[in-house]
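Protein chains: 2
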Amino acid sequence: MAAFPFTIAATEGRARTGVLATPRGEIRTPAFMPVGTAGTVKALTVEQVAATGADIILGNTYHLMLRPTAERVARMGGLHRFMRWQKPILTDSGGFQVMSLSKISKVTEEAVTFQSHLDGSRHVLTPERSIEIQADLLGSDIVMQLDELTSLPATEARTAEAMRRSARWGARSKAAFGARDSQALFGIQQGGTTEHLRGESAERLREIGFDGYAIGGLAVGEGHEAMVEVLDYAPEMLPPERPRYLMGVGKPIDIVEAVWRGVDMFDCVLPTRSGRHGQAWTWDGPINLKNARFAEDDSPLDEASAVSASRDYSKAYLHHLVKSDEILGQVLLSWHNIAFFQALMAEMRAAIAEGRLETFRRSFRSRALASSDSAT
Amino acid sequence: MAAFPFTIAATEGRARTGVLATPRGEIRTPAFMPVGTAGTVKALTVEQVAATGADIILGNTYHLMLRPTAERVARMGGLHRFMRWQKPILTDSGGFQVMSLSKISKVTEEAVTFQSHLDGSRHVLTPERSIEIQADLLGSDIVMQLDELTSLPATEARTAEAMRRSARWGARSKAAFGARDSQALFGIQQGGTTEHLRGESAERLREIGFDGYAIGGLAVGEGHEAMVEVLDYAPEMLPPERPRYLMGVGKPIDIVEAVWRGVDMFDCVLPTRSGRHGQAWTWDGPINLKNARFAEDDSPLDEASAVSASRDYSKAYLHHLVKSDEILGQVLLSWHNIAFFQALMAEMRAAIAEGRLETFRRSFRSRALASSDSAT
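Chains as they are written, first to last, in the working numbering: chain A, 1 to 376; chain B, 1 to 376.
Some hints could be false.
[Stated by the list, open to error] Quick partial rundown of chain A residues pointing at chain B, CB under 7 Å, derived from the structure:
id, residue
1, Ala-43
2, Phe-82
3, Ile-104
4, Ser-324
[Claimed, not checked] Across the chosen pairs, the derived CB separations fall in these ranges:
id, chain 1, residue 1, chain 2, residue 2, range
5, B, Ile-8, A, Ala-292, 24 to 34 Å
6, A, Glu-354, B, Glu-347, 50 to 60 Å
7, B, Gly-120, A, Pro-153, 26 to 36 Å
8, A, Asp-298, B, Ser-100, 29 to 39 Å
9, A, Glu-303, B, Asp-181, 28 to 38 Å
10, B, Asp-119, A, Ala-353, 49 to 59 Å
11, A, Ser-371, B, Ser-121, 33 to 43 Å
12, A, Ala-50, B, Leu-369, 36 to 46 Å
13, A, Asp-298, B, Asp-119, 45 to 55 Å
14, A, Ser-371, B, Glu-109, 48 to 58 Å
[Claimed, not checked] From chain B, some residues computed to sit far from chain A (all C-beta separations above 10 Å):
id, residue
15, Thr-11
16, Ala-43
17, Ala-50
18, Arg-67
19, Ile-104
20, Glu-109
21, Val-124
22, Glu-128
23, Glu-161
24, Gly-178
25, Thr-193
26, Asp-312
27, Phe-360
28, Ala-370
These are computed hints drawn from the structure, not numbers from a lab.
We treat Cβ as the ideally placed atom computed from N, Cα and C, and that holds for glycine.
Looking at chain A on its own, in the form it has when it is part of the complex:
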């Protein structure tokens, strides 16, 4: 029996909207999780993040285990108390950052050994250690299994090998996690862009049994079209009664296409990272506030927004802050972008409930593709 009740309130085609209920609060799906890498959603207070409507944020095991260390977070009362975020937190397993940020020393069936990108110190991560860090030390609400990722391009044999090792690590993760009432464990589907490997992965995960299922190994450079092709089959391979989480995605257009194909949860650094670089996401695509055309534009980014950053400041002022490298510019654009992503999810939840997601999706695609600044 799954830890957290997941209620699907409405569907349209393969898309679903519902609620994942956790002891720390309800997560309305489809949900976007702002990324709080190192115990902070970059540049924002938790009050600012909460004002965007975010029900859950993501924390990074890799960053936190290196600094301030998971043991220190535990001694300070766990991640929620340490960073003052009382709603749910999902933590990743550390596997992705080990691959993308650190120098890997060795991957064996038992463990991955890597060097910290901060100081070169050597660390070992096993499926069991990742569970201990996430569930026991950080106190995460949704815990991810450790998986093995392949860098692209990869042969089918290499992709299959990593997928099967990930499944074995999923079983070890489940054994280490045990039975918990107030925390959930998600498995991760791998298999790259090869349909039968995605199918085999889903089958192996289903046999183990998780509280939710993530789609891993996408948004790693394969491109929008290749990702959408995988999403044409991969979500439906996963148990329909549990939440499906597309890891590390993405641009709004990616999220819309994935929701359309049955995905329930997302996370991405894009809104905060692009906000720190002067970019604002809008219903007409991304705009760069550095652009001189905003220098005397008195309009706000979104006058209908619930948050001050989007509603109260002129583009002219934001342009000035960005041009002047002022921290407040990074704060306001990060805040606006997360609010925009939350507004996008809210709009899709309402659209599914009202049976108009297909209309929304067509309109969103055409506006996004017409945008002059659409390159990120």
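Model the placement of chain B on the given structure of chain A, informed by the hints.
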């Protein structure tokens, strides 16, 4: 007749507490003005600044005239509207930054010609142009006359020459400013650390007649003791019925000593600048959050504070943010420091009203001097 009524409610020795009433709100004195250099109090939203209890902020003419330009600010509705701060703003004249940041090409009786530190472009500032920028384009509530500063060390002859030119520029500023109901003009006393020059400067300013009087040319490297020596006589040379403003000061200990000697207004970048560098000001002196002794310190910076930054976050978390170079660390420490400076001013206002400033001052001095981290 002065533009803004200044009511002194209580005195203790030479110290005074009162209210300077402006159309945009009351300024409780002694007052500390956070510095909003380029149209932003660095790293903070105006709501965060207001939550500290700040009645007025300072804007920099030099920075704003170069970027986004005073004309653009005017077209966007003036500085208050542009940056969303509806309480009073004092602007400096640009003279200090021309000296400290730019490459001066030429100073004549007519004008100062300088090159922008941003792009090397050439600009001319006259007393009349400074008034136009501050009063007409930015829409400042309290406008400062342009003055000429000497770099230290300076001969008495050079100091006297700059002081007399400043007085002549004060007269030109007054003529350009004219009579205004909703804006005030402050003159600036110069004369370095030479008592009779300070006296001559005060006499010249008094003859011109201003709405308030600043003490300029201090906190420019002369040291705490030399500054306090000047403050033993300089404030009393200025009209007692008008506010006295000590420009660019300073550390809490400097402010306490200046209030004791009859100064009413202050500004300094110290709280925001030191906040961006991991330093927090406390009643026991400054502390550096990078210090390992805070790594697992669960206590907040000030549990009695009105602002979240001081009250709600553990020093352990702030230590983690500072060590990780997270923007939120800069935000929270800037916010805390401004709140601390405002709490210090509120405490001194109450102490003067209750006749216990001398007790407060002795206690504050001994705690500040006992602090192990007292070096900035």
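Checked hints:
The beta carbon of A/Ala-43 is positioned within 7 Å of a beta carbon in chain B (closest approach about 4 Å), and the interface hint is therefore held. Given the 7 Å rule on beta carbons, the hint for A/Phe-82 holds: about 6 Å separates it from the nearest Cβ of chain B. The criterion of a C-beta within 7 Å of any C-beta in chain B is not met by A/Ile-104, whose closest approach is roughly 23 Å, and the hint is violated. Given the 7 Å rule on beta carbons, the hint for A/Ser-324 holds: about 5 Å separates it from the nearest Cβ of chain B.
Between B/Ile-8 and A/Ala-292 the Cβ separation comes to about 50 Å, which falls outside the hinted range of 24 to 34 Å. The given range of 50 to 60 Å is respected by A/Glu-354 and B/Glu-347, whose C-beta atoms sit roughly 57 Å from each other. Remark: the range hint 26 to 36 Å for B/Gly-120 to A/Pro-153 is contradicted by a beta-carbon distance near 49 Å. At about 33 Å, the CB distance of A/Asp-298 to B/Ser-100 agrees with the hint of 29 to 39 Å.
Checked against the given bound of 28 to 38 Å, the beta carbons of A/Glu-303 and B/Asp-181, roughly 34 Å apart, stay inside it. Between B/Asp-119 and A/Ala-353, the C-beta spacing of about 54 Å keeps the proposed range 49 to 59 Å intact. For A/Ser-371 and B/Ser-121, the hinted distance range of 33 to 43 Å is satisfied, since their beta carbons lie about 34 Å from each other. The supplied range of 36 to 46 Å is met by A/Ala-50 and B/Leu-369, whose beta-carbon atoms lie about 42 Å from each other.
Checking the proposed 45 to 55 Å range against A/Asp-298 and B/Asp-119 shows it is violated: the Cβ atoms sit about 26 Å from each other. Against the hinted window of 48 to 58 Å, the Cβ-Cβ separation of A/Ser-371 and B/Glu-109 comes to about 56 Å, which satisfies the hint. With a closest Cβ-Cβ approach of about 39 Å to chain A, B/Thr-11 is found to remain outside the 10 Å limit, as its non-interface label requires. A cut-off of 10 Å between C-beta atoms contradicts the statement that B/Ala-43 is not in contact with chain A; the least separation is 4 Å.
The non-interface label for B/Ala-50 is consistent with chain A: the shortest C-beta to C-beta separation is roughly 12 Å, beyond 10 Å. Chain A draws B/Arg-67 into its interface by the beta-carbon criterion, the shortest separation being 6 Å against a cut-off of 10 Å. No Cβ of chain A comes within 10 Å of the Cβ of B/Ile-104; the nearest lies about 23 Å off, and the non-interface call holds. Residue-level check passed: B/Glu-109 sits 33 Å from the nearest beta carbon of chain A, beyond 10 Å.
With a closest Cβ-Cβ approach of about 23 Å to chain A, B/Val-124 is found to remain outside the 10 Å limit, as its non-interface label requires. A cut-off of 10 Å between C-beta atoms confirms that B/Glu-128 is not in contact with chain A; the least separation is 26 Å. Against chain A, the non-interface label of B/Glu-161 holds: every CB pair exceeds 10 Å, the least being about 35 Å. With a cut of 10 Å on Cβ distances, B/Gly-178 stays outside the contact zone with chain A, its closest approach being about 29 Å.
The claim that B/Thr-193 is not at the interface with chain A holds, since no C-beta of that chain comes within 10 Å of its own (minimum 35 Å). Here B/Asp-312 does not stay apart from chain A, with its beta-carbon only about 6 Å from theirs, under the 10 Å limit. The Cβ of B/Phe-360 lies farther than 10 Å from every Cβ of chain A, with a closest approach of about 32 Å, so its non-interface assignment holds. Every beta carbon of chain A lies more than 10 Å from that of B/Ala-370, the smallest distance being close to 29 Å; the non-interface claim holds.
In summary, the numbered hints that this structure violates are 3, 5, 7, 13, 16, 18 and 26.
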